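Whenever a hint applies, use it, and build me the whole structure from the sequences.
Residues in the sequence shown are numbered consecutively from 1, following the numbering used here.
Calculated directly from the structure, the hints in this document are not laboratory data.
Only a predicted model underlies this, so the values are computations on that prediction, with no experimental measurement involved.
Just so you know, not all the hints are guaranteed correct.
[What the hints assert, rightly or not] BS3-like, lysine-lysine: derived pairs with alpha carbons at most 27 angstroms apart:
1. K199 / K71
2. K240 / K225
3. K104 / K240
4. K84 / K240
5. K84 / K71
6. K71 / K240
7. K240 / K199
8. K225 / K84
9. K104 / K199
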Amino acid sequence: MAHVGSSGLRSRPMRVVLSALGIAIGIATMISVVGISASSQAQLLRELDKLGTNLLVASPGESMFAGEEVKLPEESVGMVGRIKGVQDVGATADLNATVRRTEKVDEDDTGGIAVKATTADLLRVLRGEVGSGGWLNAATGRYPSAVLGHVAAERLGITEPGRQVWLGDRYFTVVGILGPLPLAPEIERSALVGWEGAKRLLDFDGHPTSVYERSADAAVEDVRKVMAATVDPRNPQNVKVTDPSSALRAKAATEGAFSSLLLGLGGIALLVGGVGVANTMIISVLERRYEIGLRRSLGATRGQIRIQFVTESLMLSGLGGLAGVALGAAATGVYAHSGGLPWVVPLWAVAGGFGATLVIGTVAGLYPAVRASRLSPTLALHAA
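This is how it looks when you write it as C-alpha coordinates:
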(Lines of atoms letter the chains of each structure in order from A and count residues from 1; the text may use other names and numbers.)
(Lines give C-alpha, C1' and ligand atoms only; values in the text may rest on other atoms or scores of the structure.)
Protein backbone atom coordinates (compact mmCIF):
# COMPACT_ATOMS: atom_id res chain seq x y z
CA MET A 1 0.00 0.00 0.00
CA ALA A 2 2.92 2.32 0.71
CA HIS A 3 4.22 1.68 -2.82
CA VAL A 4 0.81 2.48 -4.32
CA GLY A 5 0.49 5.58 -2.15
CA SER A 6 3.95 6.86 -3.07
CA SER A 7 3.29 6.43 -6.79
CA GLY A 8 0.80 9.28 -6.68
CA LEU A 9 3.39 11.51 -5.04
CA ARG A 10 6.14 10.58 -7.51
CA SER A 11 3.94 11.51 -10.44
CA ARG A 12 3.58 15.13 -9.23
CA PRO A 13 6.92 16.05 -7.59
CA MET A 14 6.54 19.85 -7.80
CA ARG A 15 3.10 19.80 -6.19
CA VAL A 16 4.44 17.49 -3.48
CA VAL A 17 7.32 19.87 -2.73
CA LEU A 18 5.07 22.92 -2.51
CA SER A 19 2.52 21.12 -0.33
CA ALA A 20 5.18 19.69 1.98
CA LEU A 21 6.77 23.14 2.23
CA GLY A 22 3.84 24.46 4.26
CA ILE A 23 4.19 21.62 6.75
CA ALA A 24 7.97 22.07 6.83
CA ILE A 25 7.69 25.79 7.61
CA GLY A 26 5.28 25.14 10.47
CA ILE A 27 7.41 22.38 12.01
CA ALA A 28 10.66 24.32 11.47
CA THR A 29 9.13 27.31 13.26
CA MET A 30 8.01 25.20 16.20
CA ILE A 31 11.30 23.30 16.51
CA SER A 32 13.45 26.42 16.20
CA VAL A 33 11.35 28.38 18.71
CA VAL A 34 11.52 25.59 21.27
CA GLY A 35 15.20 24.93 20.53
CA ILE A 36 16.26 28.58 20.73
CA SER A 37 14.30 29.05 23.94
CA ALA A 38 15.78 25.87 25.44
CA SER A 39 19.30 26.93 24.41
CA SER A 40 18.87 30.38 25.96
CA GLN A 41 17.43 28.96 29.16
CA ALA A 42 20.23 26.40 29.37
CA GLN A 43 22.73 29.25 29.16
CA LEU A 44 20.86 31.21 31.86
CA LEU A 45 20.80 28.17 34.13
CA ARG A 46 24.50 27.67 33.46
CA GLU A 47 25.15 31.28 34.47
CA LEU A 48 23.01 30.89 37.59
CA ASP A 49 24.88 27.73 38.55
CA LYS A 50 28.19 29.49 38.05
CA LEU A 51 27.28 32.79 39.72
CA GLY A 52 25.02 31.36 42.39
CA THR A 53 21.71 32.56 43.77
CA ASN A 54 23.09 33.41 47.19
CA LEU A 55 24.07 37.03 46.54
CA LEU A 56 22.22 39.85 48.30
CA VAL A 57 22.76 43.58 47.85
CA ALA A 58 21.86 46.28 50.36
CA SER A 59 21.49 49.86 49.14
CA PRO A 60 19.90 53.08 50.41
CA GLY A 61 16.13 53.20 50.01
CA GLU A 62 13.92 56.27 50.03
CA SER A 63 13.63 58.48 53.07
CA MET A 64 10.24 59.27 54.57
CA PHE A 65 11.21 62.93 54.33
CA ALA A 66 11.26 64.34 50.80
CA GLY A 67 14.65 65.57 49.65
CA GLU A 68 16.57 63.94 52.49
CA GLU A 69 19.60 61.93 51.33
CA VAL A 70 19.81 58.41 52.72
CA LYS A 71 23.28 57.09 53.51
CA LEU A 72 24.38 53.72 54.76
CA PRO A 73 26.54 53.82 57.93
CA GLU A 74 30.31 53.58 57.48
CA GLU A 75 30.47 50.49 59.69
CA SER A 76 27.73 48.62 57.77
CA VAL A 77 30.20 46.49 55.78
CA GLY A 78 31.82 45.12 58.91
CA MET A 79 28.46 44.57 60.58
CA VAL A 80 27.12 42.50 57.68
CA GLY A 81 30.22 40.31 57.86
CA ARG A 82 29.21 39.28 61.38
CA ILE A 83 25.85 37.81 60.34
CA LYS A 84 25.75 34.04 60.80
CA GLY A 85 26.05 32.28 57.45
CA VAL A 86 27.71 35.19 55.61
CA GLN A 87 30.81 34.08 53.72
CA ASP A 88 32.05 37.21 51.91
CA VAL A 89 31.21 40.91 52.01
CA GLY A 90 32.22 43.71 49.67
CA ALA A 91 31.04 47.24 49.01
CA THR A 92 31.09 50.09 46.54
CA ALA A 93 30.36 53.77 46.94
CA ASP A 94 29.36 56.30 44.30
CA LEU A 95 31.88 59.14 44.08
CA ASN A 96 31.32 62.71 42.99
CA ALA A 97 33.84 62.49 40.18
CA THR A 98 33.99 61.87 36.46
CA VAL A 99 36.36 59.82 34.34
CA ARG A 100 37.52 60.81 30.86
CA ARG A 101 40.19 59.66 28.44
CA THR A 102 42.15 62.90 28.94
CA GLU A 103 41.60 66.22 30.68
CA LYS A 104 40.96 67.78 27.25
CA VAL A 105 37.67 65.91 26.88
CA ASP A 106 34.59 67.90 27.92
CA GLU A 107 33.81 67.06 31.56
CA ASP A 108 30.15 66.54 30.64
CA ASP A 109 31.11 63.86 28.12
CA THR A 110 31.34 60.99 30.60
CA GLY A 111 29.91 58.27 28.35
CA GLY A 112 27.64 57.15 31.18
CA ILE A 113 30.61 55.85 33.19
CA ALA A 114 30.32 56.04 36.97
CA VAL A 115 33.20 56.37 39.39
CA LYS A 116 33.04 54.14 42.46
CA ALA A 117 35.16 53.36 45.48
CA THR A 118 35.46 49.64 46.15
CA THR A 119 36.65 47.31 48.86
CA ALA A 120 39.26 44.71 48.01
CA ASP A 121 36.82 41.82 48.57
CA LEU A 122 34.28 42.93 45.95
CA LEU A 123 35.55 40.78 43.08
CA ARG A 124 35.47 37.62 45.21
CA VAL A 125 31.92 38.36 46.38
CA LEU A 126 30.72 38.84 42.79
CA ARG A 127 32.68 35.81 41.56
CA GLY A 128 34.10 38.04 38.88
CA GLU A 129 37.31 37.72 36.93
CA VAL A 130 39.89 40.20 35.70
CA GLY A 131 39.99 40.11 31.92
CA SER A 132 43.46 41.66 31.73
CA GLY A 133 45.83 43.17 34.25
CA GLY A 134 45.15 42.82 37.95
CA TRP A 135 42.77 43.76 40.76
CA LEU A 136 43.23 46.49 43.33
CA ASN A 137 45.42 45.44 46.26
CA ALA A 138 46.75 47.07 49.41
CA ALA A 139 49.33 49.01 47.41
CA THR A 140 47.44 50.03 44.26
CA GLY A 141 44.28 50.71 46.27
CA ARG A 142 45.94 53.63 48.07
CA TYR A 143 47.37 55.38 45.03
CA PRO A 144 46.02 56.90 41.79
CA SER A 145 45.13 53.59 40.17
CA ALA A 146 41.84 52.26 38.85
CA VAL A 147 40.20 49.13 37.50
CA LEU A 148 37.69 49.52 34.66
CA GLY A 149 34.58 47.49 33.99
CA HIS A 150 34.74 46.03 30.49
CA VAL A 151 31.97 48.35 29.21
CA ALA A 152 33.70 51.39 30.70
CA ALA A 153 36.97 50.33 29.09
CA GLU A 154 35.31 50.04 25.67
CA ARG A 155 33.75 53.50 25.99
CA LEU A 156 37.05 55.03 27.03
CA GLY A 157 38.95 53.25 24.28
CA ILE A 158 41.20 51.42 26.75
CA THR A 159 42.22 47.98 25.50
CA GLU A 160 45.03 47.09 27.90
CA PRO A 161 46.26 47.97 31.39
CA GLY A 162 48.98 50.56 31.88
CA ARG A 163 47.11 53.40 30.18
CA GLN A 164 46.01 56.48 32.08
CA VAL A 165 42.62 58.15 32.41
CA TRP A 166 41.68 61.55 33.78
CA LEU A 167 39.68 60.86 36.93
CA GLY A 168 38.53 63.72 39.11
CA ASP A 169 41.36 66.24 38.86
CA ARG A 170 44.32 63.99 38.11
CA TYR A 171 45.50 61.05 36.03
CA PHE A 172 44.92 57.53 37.32
CA THR A 173 46.72 54.48 35.96
CA VAL A 174 44.49 51.65 34.76
CA VAL A 175 45.81 48.49 36.44
CA GLY A 176 43.11 46.10 35.25
CA ILE A 177 40.04 45.55 33.09
CA LEU A 178 37.26 43.32 34.40
CA GLY A 179 35.46 40.58 32.53
CA PRO A 180 31.64 40.48 32.31
CA LEU A 181 29.67 40.61 35.58
CA PRO A 182 26.10 39.47 34.83
CA LEU A 183 24.96 39.94 38.44
CA ALA A 184 26.40 43.46 38.71
CA PRO A 185 26.01 45.31 35.39
CA GLU A 186 26.50 48.61 37.22
CA ILE A 187 30.11 47.58 37.88
CA GLU A 188 30.68 46.87 34.19
CA ARG A 189 29.98 50.54 33.46
CA SER A 190 32.22 51.90 36.23
CA ALA A 191 35.75 52.99 37.00
CA LEU A 192 36.72 51.49 40.37
CA VAL A 193 39.11 53.13 42.82
CA GLY A 194 40.45 51.63 46.06
CA TRP A 195 38.55 52.50 49.26
CA GLU A 196 41.45 54.21 51.02
CA GLY A 197 42.69 55.86 47.85
CA ALA A 198 39.23 57.35 47.27
CA LYS A 199 39.26 58.82 50.79
CA ARG A 200 42.67 60.37 50.27
CA LEU A 201 42.38 61.52 46.67
CA LEU A 202 38.67 62.03 45.94
CA ASP A 203 37.20 63.30 49.23
CA PHE A 204 35.26 60.09 49.86
CA ASP A 205 33.39 60.20 53.19
CA GLY A 206 33.42 56.42 53.78
CA HIS A 207 29.68 55.77 53.42
CA PRO A 208 29.01 52.79 51.12
CA THR A 209 26.32 52.97 48.46
CA SER A 210 25.97 49.22 47.92
CA VAL A 211 26.91 46.36 50.23
CA TYR A 212 27.29 43.00 48.45
CA GLU A 213 26.99 39.85 50.55
CA ARG A 214 27.52 36.21 49.64
CA SER A 215 26.19 33.62 52.09
CA ALA A 216 25.72 29.87 52.29
CA ASP A 217 22.77 28.68 50.20
CA ALA A 218 20.91 27.42 53.24
CA ALA A 219 21.32 30.76 55.02
CA VAL A 220 20.14 33.12 52.28
CA GLU A 221 16.62 33.68 53.61
CA ASP A 222 17.82 34.03 57.21
CA VAL A 223 20.39 36.62 56.15
CA ARG A 224 17.80 38.48 54.06
CA LYS A 225 15.52 38.83 57.09
CA VAL A 226 18.14 40.56 59.26
CA MET A 227 20.27 42.32 56.66
CA ALA A 228 18.44 45.66 56.61
CA ALA A 229 18.47 45.93 60.40
CA THR A 230 22.14 44.95 60.47
CA VAL A 231 23.17 47.48 57.83
CA ASP A 232 21.38 50.36 59.57
CA PRO A 233 20.01 49.42 63.00
CA ARG A 234 18.56 52.90 63.55
CA ASN A 235 16.70 53.15 60.26
CA PRO A 236 16.25 49.67 58.74
CA GLN A 237 13.27 50.96 56.76
CA ASN A 238 15.72 53.08 54.74
CA VAL A 239 17.63 50.02 53.51
CA LYS A 240 16.65 48.15 50.36
CA VAL A 241 17.77 44.52 50.00
CA THR A 242 17.70 42.98 46.52
CA ASP A 243 18.59 39.66 44.90
CA PRO A 244 20.41 40.26 41.55
CA SER A 245 19.98 36.65 40.42
CA SER A 246 16.20 37.18 40.38
CA ALA A 247 16.71 39.35 37.30
CA LEU A 248 18.15 36.38 35.44
CA ARG A 249 15.25 34.20 36.56
CA ALA A 250 12.78 36.88 35.43
CA LYS A 251 14.57 37.03 32.08
CA ALA A 252 14.16 33.27 31.68
CA ALA A 253 10.45 33.54 32.52
CA THR A 254 9.99 36.39 30.02
CA GLU A 255 11.72 34.44 27.27
CA GLY A 256 9.51 31.47 28.09
CA ALA A 257 6.35 33.56 27.69
CA PHE A 258 7.61 35.03 24.42
CA SER A 259 8.48 31.56 23.17
CA SER A 260 4.91 30.42 23.91
CA LEU A 261 3.64 33.18 21.63
CA LEU A 262 6.01 32.18 18.84
CA LEU A 263 5.09 28.54 19.39
CA GLY A 264 1.45 29.47 18.82
CA LEU A 265 2.38 31.18 15.56
CA GLY A 266 4.25 28.04 14.53
CA GLY A 267 1.12 26.00 15.28
CA ILE A 268 -0.94 28.29 13.06
CA ALA A 269 1.61 27.86 10.26
CA LEU A 270 1.36 24.10 10.74
CA LEU A 271 -2.44 24.20 10.43
CA VAL A 272 -2.15 26.28 7.28
CA GLY A 273 0.23 23.64 5.94
CA GLY A 274 -2.36 20.98 6.79
CA VAL A 275 -4.97 22.86 4.79
CA GLY A 276 -2.53 22.88 1.88
CA VAL A 277 -2.12 19.11 2.15
CA ALA A 278 -5.90 18.61 2.22
CA ASN A 279 -6.29 20.82 -0.83
CA THR A 280 -3.60 18.88 -2.69
CA MET A 281 -5.27 15.58 -1.87
CA ILE A 282 -8.72 16.80 -2.99
CA ILE A 283 -7.27 17.94 -6.31
CA SER A 284 -5.49 14.60 -6.57
CA VAL A 285 -8.82 12.77 -6.15
CA LEU A 286 -10.43 14.87 -8.90
CA GLU A 287 -7.51 14.33 -11.27
CA ARG A 288 -7.26 10.58 -10.63
CA ARG A 289 -10.89 9.58 -10.97
CA TYR A 290 -10.02 7.24 -13.85
CA GLU A 291 -7.35 5.51 -11.74
CA ILE A 292 -9.81 5.19 -8.85
CA GLY A 293 -12.52 3.80 -11.12
CA LEU A 294 -10.08 1.37 -12.72
CA ARG A 295 -8.86 0.07 -9.36
CA ARG A 296 -12.42 -0.30 -8.09
CA SER A 297 -13.44 -2.20 -11.23
CA LEU A 298 -10.45 -4.53 -10.75
CA GLY A 299 -11.60 -5.42 -7.25
CA ALA A 300 -10.16 -2.79 -4.93
CA THR A 301 -12.46 -2.17 -1.98
CA ARG A 302 -13.53 1.20 -0.64
CA GLY A 303 -11.35 0.58 2.42
CA GLN A 304 -8.29 0.03 0.23
CA ILE A 305 -8.97 3.26 -1.66
CA ARG A 306 -9.31 5.14 1.64
CA ILE A 307 -6.06 3.66 2.94
CA GLN A 308 -4.29 4.58 -0.30
CA PHE A 309 -5.17 8.25 -0.07
CA VAL A 310 -4.61 8.48 3.69
CA THR A 311 -1.20 6.88 3.11
CA GLU A 312 -0.40 9.49 0.46
CA SER A 313 -1.43 12.25 2.85
CA LEU A 314 0.68 10.78 5.66
CA MET A 315 3.71 10.43 3.40
CA LEU A 316 3.29 13.98 2.15
CA SER A 317 3.04 15.34 5.69
CA GLY A 318 5.86 13.09 6.86
CA LEU A 319 8.19 14.48 4.21
CA GLY A 320 7.33 18.01 5.30
CA GLY A 321 7.78 17.03 8.94
CA LEU A 322 11.23 15.54 8.39
CA ALA A 323 12.33 18.59 6.43
CA GLY A 324 10.89 20.88 9.11
CA VAL A 325 12.69 19.07 11.94
CA ALA A 326 15.98 19.31 10.05
CA LEU A 327 15.47 23.01 9.25
CA GLY A 328 14.41 23.83 12.82
CA ALA A 329 17.38 22.00 14.34
CA ALA A 330 19.73 23.73 11.88
CA ALA A 331 18.27 27.16 12.69
CA THR A 332 18.71 26.46 16.40
CA GLY A 333 22.30 25.39 15.80
CA VAL A 334 23.11 28.56 13.86
CA TYR A 335 21.55 30.75 16.55
CA ALA A 336 23.34 28.90 19.37
CA HIS A 337 26.70 29.03 17.59
CA SER A 338 26.42 32.74 16.80
CA GLY A 339 25.48 33.57 20.40
CA GLY A 340 27.91 31.22 22.10
CA LEU A 341 25.04 29.19 23.59
CA PRO A 342 24.71 25.45 24.11
CA TRP A 343 22.83 23.75 21.26
CA VAL A 344 19.70 22.26 22.81
CA VAL A 345 16.85 20.71 20.81
CA PRO A 346 14.51 18.92 23.24
CA LEU A 347 13.61 15.40 22.16
CA TRP A 348 9.99 15.98 23.15
CA ALA A 349 9.83 18.90 20.69
CA VAL A 350 11.13 16.74 17.84
CA ALA A 351 8.81 13.84 18.69
CA GLY A 352 5.86 16.14 19.32
CA GLY A 353 6.41 18.15 16.16
CA PHE A 354 6.76 15.10 13.93
CA GLY A 355 3.79 13.47 15.66
CA ALA A 356 1.74 16.58 14.98
CA THR A 357 2.53 16.35 11.27
CA LEU A 358 1.28 12.76 11.16
CA VAL A 359 -1.93 13.72 12.95
CA ILE A 360 -2.49 16.63 10.59
CA GLY A 361 -1.65 14.40 7.62
CA THR A 362 -4.24 11.86 8.75
CA VAL A 363 -6.92 14.48 9.34
CA ALA A 364 -6.12 16.27 6.09
CA GLY A 365 -6.34 13.02 4.14
CA LEU A 366 -9.57 11.68 5.64
CA TYR A 367 -12.04 13.75 3.62
CA PRO A 368 -10.30 13.24 0.25
CA ALA A 369 -9.92 9.52 1.06
CA VAL A 370 -13.61 9.13 1.91
CA ARG A 371 -14.57 11.10 -1.19
CA ALA A 372 -12.37 8.90 -3.37
CA SER A 373 -13.76 5.68 -1.87
CA ARG A 374 -17.34 6.76 -2.59
CA LEU A 375 -16.76 7.27 -6.30
CA SER A 376 -18.75 4.83 -8.40
CA PRO A 377 -16.40 2.83 -10.68
CA THR A 378 -18.78 3.26 -13.64
CA LEU A 379 -19.21 7.01 -13.15
CA ALA A 380 -15.47 7.48 -12.52
CA LEU A 381 -14.51 5.69 -15.74
CA HIS A 382 -17.23 7.45 -17.69
CA ALA A 383 -16.19 10.91 -16.35
CA ALA A 384 -12.59 10.24 -17.29
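Worksheet item: When the hints from earlier in the document are held up against this structure, which numbers fail?
Response: 3
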